[in-house]
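Residue numbers (the working numbering), protein chains in the order written: chain A, 1 to 271; chain B, 1001 to 1317.
Careful: at least some of the hints might be erroneous.
[What the hints assert, rightly or not] Distance ranges between label pairs, derived from CB positions:
#1 Q42/A x E1224/B: 38 to 46 Å
#2 K142/A x D1204/B: 31 to 39 Å
#3 P1270/B x S170/A: 37 to 45 Å
#4 E1224/B x N56/A: 55 to 63 Å
#5 S1280/B x E252/A: 50 to 58 Å
#6 P1024/B x S170/A: 55 to 63 Å
#7 M247/A x I1236/B: 58 to 66 Å
#8 G1266/B x E172/A: 34 to 42 Å
#9 T1272/B x M247/A: 23 to 31 Å
#10 L1275/B x P5/A: 26 to 34 Å
#11 P89/A x K1304/B: 49 to 57 Å
#12 G1266/B x Q42/A: 22 to 30 Å
#13 F4/A x S1166/B: 17 to 25 Å
It is worth saying that the hints were derived from the structure and are not from the lab. Model, not experiment: these values are computed from the prediction. Just so you know, even glycine gets a beta-carbon here, dropped at the ideal spot from N, CA and C.
As a plain string of letters, each chain reads:
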Amino acid sequence: MEAFPERAFDVGIAEQHAVTLAAGMATQGFVVYCAIYSTFLQRAYDQLIHDVAIQNLPVIFCLDRSGLVGEDGATHHGVFDIAYLRCIPNLIIAAPRDEVELRNLLYTAQIDLKNPMAIRYPRGRGVRLDWKQKFKKLEIGKGELLSEGTDLAILSVGSIAENVKLAVNSIEEKDKVAHYDAGFVKPLDKVMLHEIFSKFKQIITVEEGVISGGFGNAILEFAAKHNYTNQIKCLGVPDQFIEQGSMAQLYEIVELDVKSIAITIKSLLHK
Amino acid sequence: MEKSILNTIDSPLDLRKISTEELPVLAKELRKFIIDIVATKEGHLGASLGVVELTIALHYAFNTPEDLLVWDVGHQAYGHKILTGRRDVFHTNRQLHGLSGFPKRSESNYDTFGVGHSSTAISAALGMAIASNLKGEFSKQHIAVVGDASIASGMAFEGLNHAGVSKANLLVILNDNAIGIDPSVGALKQYLTKAKVGHKPQQDNIIEALNFNYYGPVDGHDIEGLLAAFEELKKIQGPKFLHVITTKGKGLQKAEEDQVKYHAPGKFVPDTGELLPSSSEGLPLKYQDVFGLTLVELAEKNEKIIGITPQCQREAP
């Protein structure tokens, strides 16, 4: 805010206004980053659809505090955004797995973006000390294979990738488990998905957001559309409001902690 | 145990038994109680310290929970929780299976409406007030306590606009401390800034223009003054508005001086307010900081870049 006072706007507690203001600026050729907590973007849903997405204005929504937020509890968890954004046409939804990816998304977004885009990232600390890397342009809708495996594929989206990585590394049969980072909830990396569905009988999707309507559901839809019959298990926040607690406690409750993810992997491998 | 008034108050019924002279002593105790617990358990501090007197006066003057009190956002409701039967469990605030950091209907009859996001209190209290009229409960009071940052949002205006043409027995209390989580912004804030205790700016008053009886500004730390204002307001039917001026973080010098940091300061020394060092050395940055730093880096090269935020991300550098 201090660095560029003329190009930074604090509009007060006014999410609807913030979103439509961003849309107005975008019509005039500006590259607008609209930073809103995931839980608060809920308050500007019509503005998002009516003022931004229908007109396909390339506003960049930066959704901080996506996922569970800990002690602030049910009113503040940012767990619905994937589900409520995924159904909106034109919108790109990205979820970086770490700080370097976040930076590259922010960089990529200002180069000739054709659509509105949401970038969701969590509350709290990242995972890398070497976050300040040279910028790299990302391909929109491209996922990435993080580690190879033979039997089972885990497809995660967003920073929960870290827990998945630790879970895979914690089990003896880690060579059997491949880990893919979807990078984007929308558009999906169809080439990568076809590869995953042809190669692995079992697939686990992992996201820090509600299962209903979430990223895992997008994968189920993809499978149904293409007549894949692979076994798919979706991990995420169940269909209930999650109350307050420490992040460690809440991860355990929704079974997204390292140990729970490892248990899920093992139970599928031994089926 | 030290003799304390606070320890005798298990509900507002107990509160109403004590004399008005004792209320400032209670305020002192309540403030200390909040400070001592938030110092070790963490949570939101400044907002609740700012409304200690207002909280006591409200529960003293009004017949809660029959009269319905709605706190906007709810950061400021710690004192309310402590006075309404939750003193002994307040140390579980914001913890798993403990008290919620916000008012919550399932937690207490005194929490009339669940909050967390801002600017909902006027609509909720108006809904209750109109419902009371439909039920023939015309003497029931409905009170929305709204901060100056929250009242500048669209939804608050929508509620005021509706209330102004209703016969609803609604009291909107503006808790004006000139700050939300960050300093308040906008034209309404500029208007409010001109208001001082006992001095209502001459400029056209938009609240009055919306058919509200406008009272104040009054000093939100003067319990006696607040009680007198409430007694006046109780006599008036229909929508009314009380402008209360408070200091966020009141009673803890450091919290008064740095209101942004002491909104939710983390652990601190209760007597002095000195923040306890939390070592972040060797830890990765927060995502929000990576976002902020990166956006500045990009904006240096691309002059088309604009940043917009609705208050929540100013802390990002």
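Hint check:
1. Q42/A x E1224/B: 38 to 46 Å: Since the Cβ atoms of Q42/A and E1224/B sit about 42 Å apart, the hinted range of 38 to 46 Å holds.
2. K142/A x D1204/B: 31 to 39 Å: Cβ of K142/A to Cβ of D1204/B: about 56 Å, so the range 31 to 39 Å is violated.
3. P1270/B x S170/A: 37 to 45 Å: 41 Å, holds
4. E1224/B x N56/A: 55 to 63 Å: This hint holds: roughly 60 Å between Cβ atoms.
5. S1280/B x E252/A: 50 to 58 Å: Taking Cβ atoms as reference, S1280/B and E252/A lie about 24 Å apart, which means the hint is violated.
6. P1024/B x S170/A: 55 to 63 Å: Given range 55 to 63 Å: holds, Cβ gap about 58 Å.
7. M247/A x I1236/B: 58 to 66 Å: This hint is violated: roughly 48 Å between Cβ atoms.
8. G1266/B x E172/A: 34 to 42 Å: The hint (34 to 42 Å, Cβ to Cβ) holds, given that G1266/B and E172/A are roughly 40 Å apart.
9. T1272/B x M247/A: 23 to 31 Å: This hint holds: roughly 29 Å between Cβ atoms.
10. L1275/B x P5/A: 26 to 34 Å: Given about 28 Å between the Cβ atoms, the range holds.
11. P89/A x K1304/B: 49 to 57 Å: Check failed, 25 Å falls outside 49 to 57 Å.
12. G1266/B x Q42/A: 22 to 30 Å: This hint holds: roughly 27 Å between Cβ atoms.
13. F4/A x S1166/B: 17 to 25 Å: Given range 17 to 25 Å: violated, Cβ gap about 44 Å.
The structure fails to meet hints 2, 5, 7, 11, 13 from the earlier list, while all remaining hints are met.
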